[in-house]
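Enquirer: For reference, the chains in residue letters:
Protein chains: 8
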Amino acid sequence: MDYEDLGFAKVDHHRHLRKGFPEVIYCEGKTPRQIAQIAKSIAHNGHDVLATKADKKAYLAVKKLLRKAVFHKTARIVSVSRKKKALRSKQIIGIITAGTADLPVAEEAAVTVEFLGNKVERLYDVGVAGIHRLLKNIHLIERSRVLIVVAGMEGALPSVIGGLIDKPIIAVPTSVGYGSSFKGLAALLTMMNSCAPGIAVVNIDNGFGAAVVAHYIVQCA
Amino acid sequence: MDYEDLGFAKVDHHRHLRKGFPEVIYCEGKTPRQIAQIAKSIAHNGHDVLATKADKKAYLAVKKLLRKAVFHKTARIVSVSRKKKALRSKQIIGIITAGTADLPVAEEAAVTVEFLGNKVERLYDVGVAGIHRLLKNIHLIERSRVLIVVAGMEGALPSVIGGLIDKPIIAVPTSVGYGSSFKGLAALLTMMNSCAPGIAVVNIDNGFGAAVVAHYIVQCA
Amino acid sequence: MDYEDLGFAKVDHHRHLRKGFPEVIYCEGKTPRQIAQIAKSIAHNGHDVLATKADKKAYLAVKKLLRKAVFHKTARIVSVSRKKKALRSKQIIGIITAGTADLPVAEEAAVTVEFLGNKVERLYDVGVAGIHRLLKNIHLIERSRVLIVVAGMEGALPSVIGGLIDKPIIAVPTSVGYGSSFKGLAALLTMMNSCAPGIAVVNIDNGFGAAVVAHYIVQCA
Amino acid sequence: MDYEDLGFAKVDHHRHLRKGFPEVIYCEGKTPRQIAQIAKSIAHNGHDVLATKADKKAYLAVKKLLRKAVFHKTARIVSVSRKKKALRSKQIIGIITAGTADLPVAEEAAVTVEFLGNKVERLYDVGVAGIHRLLKNIHLIERSRVLIVVAGMEGALPSVIGGLIDKPIIAVPTSVGYGSSFKGLAALLTMMNSCAPGIAVVNIDNGFGAAVVAHYIVQCA
Amino acid sequence: MDYEDLGFAKVDHHRHLRKGFPEVIYCEGKTPRQIAQIAKSIAHNGHDVLATKADKKAYLAVKKLLRKAVFHKTARIVSVSRKKKALRSKQIIGIITAGTADLPVAEEAAVTVEFLGNKVERLYDVGVAGIHRLLKNIHLIERSRVLIVVAGMEGALPSVIGGLIDKPIIAVPTSVGYGSSFKGLAALLTMMNSCAPGIAVVNIDNGFGAAVVAHYIVQCA
Amino acid sequence: MDYEDLGFAKVDHHRHLRKGFPEVIYCEGKTPRQIAQIAKSIAHNGHDVLATKADKKAYLAVKKLLRKAVFHKTARIVSVSRKKKALRSKQIIGIITAGTADLPVAEEAAVTVEFLGNKVERLYDVGVAGIHRLLKNIHLIERSRVLIVVAGMEGALPSVIGGLIDKPIIAVPTSVGYGSSFKGLAALLTMMNSCAPGIAVVNIDNGFGAAVVAHYIVQCA
Amino acid sequence: MDYEDLGFAKVDHHRHLRKGFPEVIYCEGKTPRQIAQIAKSIAHNGHDVLATKADKKAYLAVKKLLRKAVFHKTARIVSVSRKKKALRSKQIIGIITAGTADLPVAEEAAVTVEFLGNKVERLYDVGVAGIHRLLKNIHLIERSRVLIVVAGMEGALPSVIGGLIDKPIIAVPTSVGYGSSFKGLAALLTMMNSCAPGIAVVNIDNGFGAAVVAHYIVQCA
Amino acid sequence: MDYEDLGFAKVDHHRHLRKGFPEVIYCEGKTPRQIAQIAKSIAHNGHDVLATKADKKAYLAVKKLLRKAVFHKTARIVSVSRKKKALRSKQIIGIITAGTADLPVAEEAAVTVEFLGNKVERLYDVGVAGIHRLLKNIHLIERSRVLIVVAGMEGALPSVIGGLIDKPIIAVPTSVGYGSSFKGLAALLTMMNSCAPGIAVVNIDNGFGAAVVAHYIVQCA
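If you read the sequences in order, they're chains A, B, C, D, E, F, G and H. Heads up: the first sequence runs through residues 8 to 228, numbered per our numbering. Heads up: the second sequence runs through residues 8 to 228, numbered per our numbering. Heads up: the third sequence runs through residues 8 to 228, numbered per our numbering. Heads up: the fourth sequence runs through residues 8 to 228, numbered per our numbering. Heads up: the fifth sequence runs through residues 8 to 228, numbered per our numbering. Heads up: the sixth sequence runs through residues 8 to 228, numbered per our numbering. Heads up: the seventh sequence runs through residues 8 to 228, numbered per our numbering. Heads up: the eighth sequence runs through residues 8 to 228, numbered per our numbering.
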C-alpha cells in the first residue's frame, strides 16, 4: 500500500517517489499524539522525519517514540535523521534576512534546506535601513545558486537584491511588524509587486515552502 | 465676510491668512461651471488660483472667465497667477520618482511646489530595479531640504532613500501597477511600514498634499 | 555612462550586465511616444527590446522608429530582435494553463521565455474540472526543468501538479473569474496557501515575471 | 405557546415542526448557565438536544440538569438523546477532509448528521498533496448521496472532487493554515470560485451548517 | 480520445459521463471565435451546448456555425439543443428573487435548470422590505424539492426563508447594490453567516452554479 | 390584493400603510421599461411616485406614461406628485455637506425629505478645512430637529458637529475622494468610529436612506 | 474653566450644556486609576458618572473614590448616580436582540438609555431563525417611539423589522459569530445595505452609541 | 568596520553618520538577550541607546549590561544616555492627543523627540468631542515648529487642526477603538484622506517614526 491509514491521517509513503522526499508533518492543529504517530509511521517506513511549526510538547511526544528526535528551537522544527546528511549538491542556497526578528522563519528554511541535503549560507540582518551591510556582502550572494530572502515590515529587501543580481529569488514575507503591516500582508504585497524581475513569493512565515522550491532548483538541474 | 457663498460652495477667503495660501480647488465631482465660478471668486478676491485633478473641460471653463489660466497637462492642474512667482526661499524641495509612469503625480507635486513659491529639483526614474541611477545622483538629493519620493508598484524607493540620508521624506504612493498592487494600496502599505525612519506618507496619487507638507517644512522655518 | 537620461526616463544600459538581459519596458502609464523613445535608446545601445502590457498604439509608435518591431497580440508584447534567437539551453520550460481565458498571461510568459533564449512547451486548458486532460499529458510535464502554471478562478491547478511532481513550480494567478474572485485575489491566495510544497507565486497576470524566474532557474545552473 | 420565554432566550419549540428538528444551541457568547437552561427547556418539551461550539464548562452545566448529556470532544458538541437514533434513510452522507487538522470541523458535521438520523461515511486526510489517497477511495465517494468536503489552507479538494463525480458537494472551508490563509478566508474564496460545478459553500468551520444541508438533501427526497 | 484538442482549448468530451452533462462554456475572457469553435466541438460530439455570461457577439459567432443556437438575453446564455427537453424528474426547483434587479442571475439559473431537464417555478421580487409578498406565496415554496434564493444588497432573504421551511436552500448573492455592498460582498457574507440552518452559498452572480447543485439534488435521488 | 404582480416585480401597495409612504423605486439594475411600469402601477393605485438613482432614460420612460413626472437632475430622482405637498410638520430637517462634490447625495436627501412632506434647510460646503464657515452658521443647525450630514474624503464633519450640539445626526458617507478613500469606505469608517455620541450612519451615497430616517424622527413624534 | 486638566485628561465639564449630559468615560486603554480620577472630577463637578466597556478593576477603583458606584456586569458599565433617575419622557425606547449572545451589547444600550432618563422596553432573542417570536410581539414594537435592534452573525433582523413598521431604527451589529462574520463586519455590512428604509447603523458592539441617538430622538422633540 | 556582526544582528555603527543618530532597537520579535547585546554593542561604540516597543524583561536584560538604562513605562522605551541631553534647537515640537488612551503612543514620540535633543510641548486629550479644549490652547499649537497629532477611533483631530494652522502635521493613527476601527485602520484612512492640506501620516501606533520626521524638520533647517 502506498499510504498507511491511521484513521485521523493517511500517511503518504509514496510521496518520496513523487516528490523526492517523504511527507513532512505540519504540526499546527494536530495533537502531540497525532504528530508522534505520524512521525513513527514515516520513520518505520524507512524515511527521515521533518515536522514544522512544532512546539516543545510535540517534540517530547515524538522523542518518546523516536529517540533520535532533535528539536531546532528557533526554527520550531523537530527532525529525526538516521544518519548524518551527505551533501547532494555543491551548489549553495543563500538565506538572507532583513532583520533579527526574521530569524525564526529563516532558520525554518535553513534547517529544511540542510535536511534535504543542501549546502546553505546564512546572511542575517542586512535590511535596507543600512544597505551597506548588504553591499559589503554581495560576494556571498553572488556565489549562491538561488536566494531565499526573508523580510517583514515593508519587505523591500528582495526588490533591492533583485535589482543587483541574476539569480532566482524566493521571497518570504514575515509577520514581523505592527499596525498596517497587517501581520505580514504589507510585506507580501510588496514582494508580489516588485519592479525587479526574478522574484517569486511564498506564504507569510513559510520558510519551509521557500526551502523546498530552492531545493528543487538546486537538486534537479 | 471671510467667505463668499455661491450656494453650491462657500469659498474660503480667510484661508490665506490661516494656511498661508488661498483655497485650492479639487476638481473631481465638481462641474466645469462650478469650478470656473469658484476660481473667479478666488481671483476676484485678489488671490492666485490652483485647481487640481482638472481635465480639459475644467480648464476651458476657467479660461473663459480668467484669461491668464494655464493648463499643466501632465500634472492635471489649472493655475492662474497674476504675476511671475518670486522664490520665497532658497531651500530646495527634491522630487524623485521610481518610474516614468509616476510622472503625473510627481508633476502635480512640482507644479504645486512652484506655485507656492519654492525651488524644486526633479530626479525621475531612479527606482530600485537599477539603484545605481539613484546612487549616481545622491548629491542632488543631499542638497535638498526635504524630499518628495513618488513610487508605485511595490513602493520601495522611500525606504532605500530613507536608509541613506538625514532629511524628512514625504512618500507618495501611486496607483501605478496591476493585480495585487490594488491601485496603490501595496505601495501605500510598503511606505507605512518602512524600517527606515524619517518617512511620512500621503494619500495614493496625492502629489498636491505632499507638496503642501514640503512647503510648510521649507517656508516656515 | 551606464544609463541614458531622457528626462522622463533613465534607461538602464547597465542592466544587461547585472541581470543578464536588458531593461524591459512596462507600458502601462507610459505614453506611446515615451515607450518608443525608451525602445530606441535600448536598441541603439545594441540590445534587443521587449515591451510588455503593450497595446496597438504603443506598437505603432515603436514600429515607426524600429522597423523590426513585432506585435505579439495575445501576449500584448512588442519585441524587437536583431536576429533569430539561438537557444541558450536545452532545458525545457513548461507553461500550463487551467483554461482558455488564461492564454494572454500564458503567452506573455511564453514569448518572454523565448525572447530570453529558452525552449518552451505549452500545455493549455488542463484545469481540475477535467483532470484527465492533465494526467494524459503528465509526460510532457515531467520532461520540463521548471513549470509555469497559470490559473484564474480558484487557482487550484498548481496544488494538484505540485502533488504529483518534483520540479519547481512558478504559479501565476490570473484575473479570470468574477464575483468573489476579486480580480485574481482568490487565485493568488489559493496558490500562496498550497499544501503541496515546491510552489512560489508571482503577481496576478504577471506572465513576464514568472518567465524571468524560470529563465534564471534554467540558464544559470 | 410555541416558544418558552426564559428572559435571556425565547426557546423555539415550534422549530421542530417547521424545520424537522428542534432548536440547536450555538454556545459561543452564552454562559454555561444559559446553555443549560435552554437545553432543559428543549428536553422538557420532549426533544433531543444538540449544542455546538461547546466547551467542557458548558457540558458540565448541561450534565447537571440532564444526566444523559454526552460530550463529543473533538466535535465540540454536547448532545442529549432520549434513545438510540434509528436511521431515517439508507442514503449515505460522505464526509471527507483534506488533512488531519480539519477533523474537529468534520466531526462537528458527522455528529450532527448522525444526531439527525442519517448514515455517515468518513474519509479523512485525502488532500491534493497526495491525490492517490483520494483516487484509491473513489468508490466510497461514489456510493454517497451527497458529500461534505472539509479543507483548510488553499481548500482545493472540493474542486478536484467536483471534477470527478456527479453528486452535490457541500464545501466547508476551515481556519486551518497561517499567514495569507487569513483564518480560512483563502479556502472560502477558493471554494466559492471553483471551476467545477456542483459545489455550494458554508461558513468557515461550520460543520454543523453543512450537516443540515446534507440532511435536507438526503431526508426530504 | 476523451477530449478534443483545439490548441487554445481541450474540449472535455468525457465530462458527460462523469458529471451527467457536457462541458459548459464560460464565455468571459474567450473570443467569440474561440467560443464558437468549442461549441461546435461539443455539438459535433453529439451533445447539447450551453454557454454562460455570453454577449450578443458570442451568440452571433455560435449561430454562424450552429443554426439552432438560441440567445436567452436576460440570462446572458446561448444554448443549442437538438430537440425539446423532456423532463427528467417531476420534482420542482423553486427560484426566488428578492428584487427585480436580481432577474438576470435568477434567469441564468432558470435557463440552466431547464436545459438540464428539470421543472422550475419562478417567484420574483418577494424581498424582506415587503415580506407579505413572500408569505402569500409560501405554498409555492413548500412544493419545491430545493430552492435557489437570489438576492443582492443585504441578502437577507435566504435567512428568512431558511427560518420557515425544511428544504435545502442554495443562496446566490448578486452584485445588485452600491456603496458598502462592495459588488455583492455584503450579500455573500450575510448568506454565509445565516443563523437559519440549511443554507449553502455559491459565488456572487453565479446562477449557473446554483442551478447545477439544485440539479444534482433533484436528479440523483 | 395588497400587491400587484407584474411578473418581474410585485409592486407593494400595502407599504403605504405599514411604512407611511408608498414603495420607492430603486432604478439601478432595472430597465427603463420596468421602471415606468412600476411607476404606473404605483400612480394608478393612488400614490405619488419617487424613483432614486434614476438617469435621463428612466425619466423619459416614466414621463411617457405619467405626464406629471419631474426629473431632479442633481439628485438623480424622478418624482410624480398629484398635487403640491403640504408640510406635515413644522420641524426642520437640516442637510449639511462638507464640500461641493457632495451635492448630488445631499440633494437626493433633500428632494426625498420634501417629497415626504417635511421642511428642509440646506447648508452646503462647510467642511473642516474651513471650520469658521460651520461656526458662523451654527444657529441654522441649532434650529433643526435632526441633521443629515453628508461628507466624503475623510468624513470628519459629523464628528465635529456631534461635539457641538444635542440633536440626532444621520451621517452619510459619500464616494467623493480618491486613492485610499476606497470609494467612500474611509468616510464610512470615520463616521462609524466617531468619538462624539449621537451619530448613526447610512450606506455610502445613500441620501434617500438618511432622508427616511430623518422623516421618521420628525413625523412620528 | 469649562474643563479640568488632569494632565492625562482634560475632563469636559462643559459637555453637559452642549450635549445634554456629562462626559462619558470610555474605559478601554485607560488605567483603573485614570478612570477613577476622571470619574471623581465629573462627580465633584455635580454630575452623574457613566463609564462604558468597564471591567471589575475599573469598577473597584471608582468605588474606592465614589461609594455610590454600581457595576452593571452584563452591560460592562459603571454608573454613579446621586439620586434615582426621574423619567424625562413617557416615550418608550424599544431594545430588541436577535439572540442571547447579543445581550451584553443590548444591556449596554439599556443601562445607558435608563441613565439618561428614558423608559426602555426589552425584547430579546427574536431573530429571523424563528420569526414567529418577533411577530407575536409586534405590539410591543409598535408602541415604541424608536427601536434599537441588536444582531450579530448575518444581522438580518433590522431589515425584517424595517419592512414592518414606520419608526426610526438604530441598528447595532455585534461581534457575535465566527469565520466569515469577521467579528461583526458581516452584520455591519448587512445593516448598511438594508433594502428596508428607515435604518441607521452604529459601530459594532456600540450599544452606548445607539442609546444616545435614541435618547436624542425621544428627548428633544 | 562600519557595522558589528553579532551573528543574529549586524549592528549598524555607520548609521549615526548617515542619519544623524545611532541605530534604534525595535524590540518586538527579538529576545531580551538579543536586545541587550545589541544595546551593548551600540553603547560600547560610543553612542546612546534607544529601544522601542520594549517590555520589562527587555529592560532588565539591558539594565544588567548597561547600568544607566532607564525604562519609560508608558512609552515602552528603554534608553541609555551617557549624559543629560543638551537641546540642539530652540524650536518646539508639539505633541497632541485626541484622548487619554492615546498616551502610550504620544509618549513614545515625546521620549524619542527628547532623546534626539529637541524641545517638546505636550497637549493631551483635546479631541473633537470637546473642541473648545483645543481652541483654548491654540496658542500652544501656534508656537510649535511642527506638530505630531495622535488619535485613535475616527482620527479626525489632524483634519481639524490642519484647517486652522500653517505648520506641517505628522499624524499618528492609534489602535485605540473597537469594532470597525479595525485596530487603527479607520483612523489611518481618515488621516490619509484629510481635506485639510499639510498632513502626512506614519504607521498605526508609530510614535517613534513621527518623532524622527519631526526631528528632521526641526534640526536640519
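None of these hints come from the bench; they were simulated from the model. Some hints could be false.
[What the hints assert, rightly or not] Distance windows between CB atoms, simulated:
id, chain 1, residue 1, chain 2, residue 2, range
1, D, Gly14, F, His51, 35 to 41 Å
2, H, Val77, B, Lys97, 40 to 46 Å
3, D, Glu149, G, Leu147, 53 to 59 Å
4, C, His51, B, Gly14, 54 to 60 Å
5, E, Lys92, D, Arg74, 56 to 62 Å
6, D, Glu149, G, Ile145, 30 to 36 Å
7, D, Glu149, A, Arg74, 42 to 48 Å
8, B, Lys75, F, Leu13, 54 to 60 Å
9, G, Leu13, D, Asn52, 52 to 58 Å
10, C, Asp9, B, Leu13, 52 to 58 Å
C-beta atoms are modelled at their ideal positions from N, C-alpha and C, and glycine is treated no differently.
Enquirer: Going back to the hint list, which numbers does this structure go against?
Expert: 1, 6
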